[in-house]
Structures are given as C-alpha cells and as structure tokens.
Amino acid sequence: MRQQIVLSGFGGQGILFLSRLLAEAAIAGGFPVLTSETHGMAQRGGVVVSHLKVGGFDSPLVRTGRADLLLVLKEENVALHREFLADGGALIVNAPVPTDAGPGVRVHAVDADALALSAGTPHAVNLILLGFALARIGGGAAGGFFCAAGEIREALSRRQGPGGSRIADALSALDLGFAHGT
Amino acid sequence: MSDRILMQGNDAIARGLVAAGCAVAASYPGTPASEILASIDRWRKKCGATMHVEWAVNEKVALEIAYTAAISGLRAAVSMKQVGLNVASDPLLSAAYLGVTGGFLVVSADDPGPHSSQTEQDSRLLAMMAKVPVLDPASPAQAMALAGTGFDLSEAFRVPVMLRPTTRVCHANQDVDAPPFRPPVREARFVRDPARWAATPVYRRLLHDRLAEKVAAIAAWPATAPIRVNPDVSPAKAVVASGVAFAHARELFGELGILDRIALYQVIQPYPLHAAFIDHLRETYVEILVLEESAPVIEMQIADRHRVRGRMTGAVPGTGELLPEIVERLLSRFAGLPLPSRALPAQGGGRRPTLCPGCAHRSSFYAIRKAAPAGIYPSDIGCYTLGINLGAVDTVLCMGAAVSQAAGFDYAHRLSGKQVDIVATIGDSTFYHAGIPPLIDAVVQGARFVLVILDNGTTAMTGNQPTPGTGIGAGGETTALVDMEGLVRACGVRFCRTANPDRLPEFVTLLEEALVHARERGVAVVIARQPCAMVARIPGGKETGAIVITAECTGCRHCVDRFECPAMVFDEAANRVRIDEMTCTGCGVCVHVCPVGAIRRESAGGKRP
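Sequence order for the protein chains is D and E.
Using this note's numbering, count along the first sequence one by one with no gaps and you end on 182.
Using this note's numbering, count along the second sequence one by one with no gaps and you end on 1609.
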C-alpha cells in the first residue's frame, strides 16, 4: 500500500491534528509514514497545507499530480491545491454543493461547517470531514483510504486518552461526518 | 501494533540530543526551530535526567550559555532559526577557535522558500566561515541520529558542530525508532587555562592553525563520509545531494528508473566535504549534478569546475526552495528523459495571514493610525508584522530594528528640516531580545519618536513561548520577572505609560499625549498591555452580550479595511458587514470603530443571531 494525501485549509481549522492522526493510524497499521506541515506566519488564519505519504517514500512532499486524495476544509482552497490530485484522484471538500474540480476528479462534498454549528462543536469541522471521507470513499479498499474508520477511532482514543468529554466529542464528530457520507 | 512512534523533526532532534546525554540546552524561539527546546524538556522529564533547559533572551545569550557548559566538560546544545544564527555569530566564530571539552551542538534551522523568515540564507555558509563542521539531515530519523553523531564529532575534535535541518525536516513527521536514553553522568569541571579561554590575538593565531588542522582531519572522519546509494553500478554521471533535496532525489531515482544509470550520493557533512570524496568524484565521473539547499556549499568545494552542474553554473535555480517538482525536472534533464508536464504547486495565493480575532495588536494599530495619520510606522518581527494589513507597518528589517529605525527616520528627516510623527511597534519578546540597546541609544541621541511595546506576555508567533516578563521557564517552572516599566525608565525614557489598547478611545488619547512628548522632549514609550488572545480568556467577551451589526450599516467598508478582523465579513450582495459567529471572540473593540455606530453589543442575555 502506497498512498499520498494532501490536506488543505486555514490556520486554526485543525489540519495539523488531522494529518498527525492519520499518520498515527498509518503507523498502527504497520506502514512507514512521512508528513509535512505548515507552521509560523502562515498559521495566523492563512492557508495551511499538510502532505501525508503512507508506504515506502523518502520525500516528505507530495508532487503535483500525485495525490490520491485531497481533503479541503475551506472550499476556496480547491483552486489553489487542485493541482496536487492525480488523474482519477478524489476530492473531499467542505462545501454545501460539490465544487467543480475539472475532469477526472471524483468530488465528494459535505457542508461540515453547518453540521459543526448545528452540533454545537464549531471546532470539529476537521473530524466531521474526515468521517465523511471515510464513509464516502471507504477504508482499506482500492481507491479508498489506507485504513478504515475503526482504525481512526482507535488512533483518536490513543491520542486523547480514554474517557473524558474530549474523546467523546471527537468520536461523535467523526460519527456525524460518517453518517452523512453513508 | 508497531513500536515505532510518530515524531516531528524537531521532536526527533530533541530526542537525539537528550538520548546522547545533553546536559544544558538553550534557545530563542523562531520558525522552523521553535519546537526543539520544549521537546527537549519533555524528553528530559520522561527520562528523569537533570538538565538546565532555558528559553534565553536571545540567540547570542543562548549560544554563550550552552557553549560555556561545553567548555566545562558537559554536552550542551543551542537551537535557533537561521536568522538567529546571525545574532549568535559573534560567539560562534570565536568559539570555533577556542574549541570545547564537552560536546557542543549548534542546531540552526534553515527555511528555504522562505516560508516564515526574512531570508533564505544557508547556515552551512556560516559554518564554513566559522570553520566548524556541519551536518545536513534528510529526514527526522536522520536528524535524530545525527544529533548523537554530532556530539561524538564535537568531542573527537574538540570543536563546535552545527546540525543544519531545514523546514522540510523540522516540520516533517516520520515513524521512528527512538534511541534509549543515556543520561549524562559527567560532572562539570572547568579547567582554568587563560591562554586558551581568554586568548589574546597572538594565541588566536595559533588557535587558528590548530582549527585548520582539525578541519583537515574532520574531512577524513569516517562516520560522516558521503553514502553511495547504488554502489553496484559504474555510470559516467553522478548526482551528489544533501538534506531534503537528497530525499526528493532518492525517491525520484526509483520512480524515474535511473538507479542503474546514474550514481547517487548523499552528503551527510557538507562542510568540510570529505577530501577523498572530492578526489573520487573527479577521478570517476564525466558529469556531476549537485542538489543542495540553499547555497552552493558542496558545489564550491568540488574543485574540478567544468564537470560540475549546480547553482553556480545556473543548472539549478539560484533562489527558492528545491521542491520535488523542480528536482524531478533537473534529474529528468540530467538523465536525458522527457521533462515532466505538471505545473509547480501554487506559491502563495489564497487568504492572507491575519491577526487573530480578539487580538489586541489590532486595537493598537488602529489607534496608531488614528493618532498619527501621517506618521511613519517602523515595526519588527512577530505576529504584529501582520499590522501591515492594517496600514500601520511601514518597515520590518530584523529583530529590534523598529527602535533603531524609528531613531534613524527622525535623524534623517531632521537633517532636511522636517518633523514627522514616528510611531514604532515592537513585541515584548522582541523588545527584550534586541530592543533595549537601541532604546538607550535613542535616549542618548535625543531621538523623537513614540515606541509602542505590544506586551501580550508571550512569544506568540512561534507558539507562545515565555518571555522574561512571563515568569515561567521552559519546563513550566516559576522564574523571576522583569519589570518592563522599570527597565524602560532605566534606559532614560521620561515618558513611559501603560494601558490596555482594547479601551480604544482612551488609548488613542494616550498616544496623542505621547506624540506631544516625543515632538517636544524626545522618546516616549507606551506599553500596550493585553494578554494574547490565543492563551488568555479576555474579560468582556461573549458572555457580556453578542456583537451585532445594526440596520444603520452603510457598507462603507471602514471596519473591514482599517480594522480587518476575521470575524467581520463583508456581504457583497447585501452591501453590508456581518459578524461571523464561528470566529468572533466578543472582545467588542469594533464597537468603537464604526463611523456610524452600526456595531453594537447586545445586552447580556439578549438574543443572539
């Protein structure tokens, strides 16, 4: 299994959290993993992008035209980062209606902002989108994620510790997104 | 379940340092090196080692503290970003001559791109200038290993060693096998030897001779010699790469299928480049492509120029990050393959960075423009550089320069018989770092300007590290506090007043008073004190009532253009502003900004939109 994923959003949306969570799930699944993060000035509400490479890679960066998956937490970033997607890759975007990403791209859209607000968890947009993506494109199967939703749940639990309201909130956000993808 | 754990490059460097018995670590925060020190403290706690770990006031102080531990026989490390190395270059160049007794590692993180820096400078050039060896890791795992190798090298030759990661190593995450801890067992013991540690110029010449001998010997040290990836082939061409450029090249050699056609070497120690390796390259290859960031350090050491392609020959771009797409083009051309058709990833574009909602810097900048509308606004390095979006930042040079540039603008314009209002801004951490000497200088020279110290009690841009005014150390321990007002007055400043900038009308009045003082009597300092919105819950927030836009909004855009709060969204269709409930902190400063009074706070318990 070799998979390249690009995650895109704005500072403060939890892109780093999401990419580390996926990386930890990859390690638990026995895969080598490399990620690349944005820090510093760019984090102050500006564009943030993370690269995630699962399987045997040396470079921490995904080249344009190579990403199997592109997860976009702010729709206006699609134009910026669309170039990373490989032919036949999938775009998962936080948007009320599917974004036009050009030919050869499978687009899956969910209004994660609205779901997060209605659930009273405005900061859980990242996990809602991830849950949606896991449901919509599948996990562990060809063309889907390198892991299944259950493995993400386990990685979340390891990261946030057992019990407590934080893990419960995180898991319910993931489930909310998942339910909207099925 | 794997035993391997995910580590950020900076975390891996920290683990490597602590595992190798580092006893003293000091740093000043700066992207991309900021996470190293806090991580050192986490690993220290984990292994129970006794260490001195500190956020120093600046990089020069940090280097001197760690260096002194190393001449007392302990292993010590200092970490910083590349422009911090400029600040610390004075002690580094001298320390190279004097040498060390315990291992001493200078971690200087470069930022090709640059992503979050003033320059793309290459710390390896400064290592070359200082004549200290430099190691260039390609991944977090290698950076962790080289921390230990660096200590061994430092002790083998009694010389400071530089570890130079770049952003793509510092801020990469990788699965690694963490090495076991070897807690420091040595005792500090400084052996007095004034002829060495306080060497006069005559002895310095001898020390320079000795340093040159060390550099020659290090260029033959086996542990850091270049590594050949594909030793079984004998092609006419070779690629020589270091750092993350090597990682890109290694991956692309496989994808392009050129491992059997072109030799690939990883240089671990770009300076001094191993002498036998230089000879080997010259004797073996017709053509050599060098891939490194960001200066031609390896390239310039390969003597036989006509066979070498790199940054000096124009074969490799002379500026900017060596992105994998660029490396792919360079390797394809070098191998005689068709060039890839895909575009480079977008550089920049999209929403620009901005001050956080509820950030008091926004209030300070708005007030400065109100009080001195025709002023010159020198500023400095930190979050508040984003005051450029509010039209209240005219210059940003380097740490501390806001103060000296404010004075410089006054002297320059005074020569032409002009009096201009000058309002400089500097953060609290930057003020302590490099703002005090220029303030003393300005007082002595009779400069006329207002200095606004934006005191949010933290080093916010780099992840909220403590300042000397925070009273908290690197490990969360309580430290002594510096009295900022006392410090400013001790510099000779006669006008020093502190206020909360979020009380906007009063703050504008205070700035006007300070301007009067500056015009007539010299430097005035206003301390704008309000905690960083990222760390503190600011009183007067949403619980006292939501911020709403009333029907009086005329769509004049004054608030979105001049106040630029991310929680204010201009609705083009309705030609009016609305408040984004997801981001508004309820600080309410904007209530004072609207020229027609259309921004109001609903009474507590009132309805929320």
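These aren't lab readings, by the way, just hints derived from the structure by calculation.
Heads up, the beta-carbon is just placed ideally off N, CA and C, and yes, glycines get one too.
You may find that some hints are simply not true.
[As the list claims (entries may be wrong)] So the derived list for chain D, only partly shown, Cβ under 10 Å to chain E, looks like this:
1) Gly11
2) Val33
3) Leu34
4) Val47
5) Val62
6) Ser165
7) Arg166
[What the hints assert, rightly or not] Derived, one-sided and incomplete: chain E residues facing chain D with beta-carbon distance under 10 Å:
8) Ile1005
9) Pro1140
10) His1171
11) Asp1175
12) Ala1247
13) Val1560
14) Ile1579
15) Met1582
[To be verified] Derived CB-CB ranges, DEER-like:
16) Arg1228/E - Gly120/D: 50 to 60 Å
17) Thr1544/E - Ala119/D: 19 to 29 Å
18) Pro1180/E - His123/D: 56 to 66 Å
19) Arg1228/E - Met1/D: 40 to 50 Å
If any of the earlier hints don't hold here, list their numbers in rising order.
-> 6, 7, 13, 14, 18 and 19
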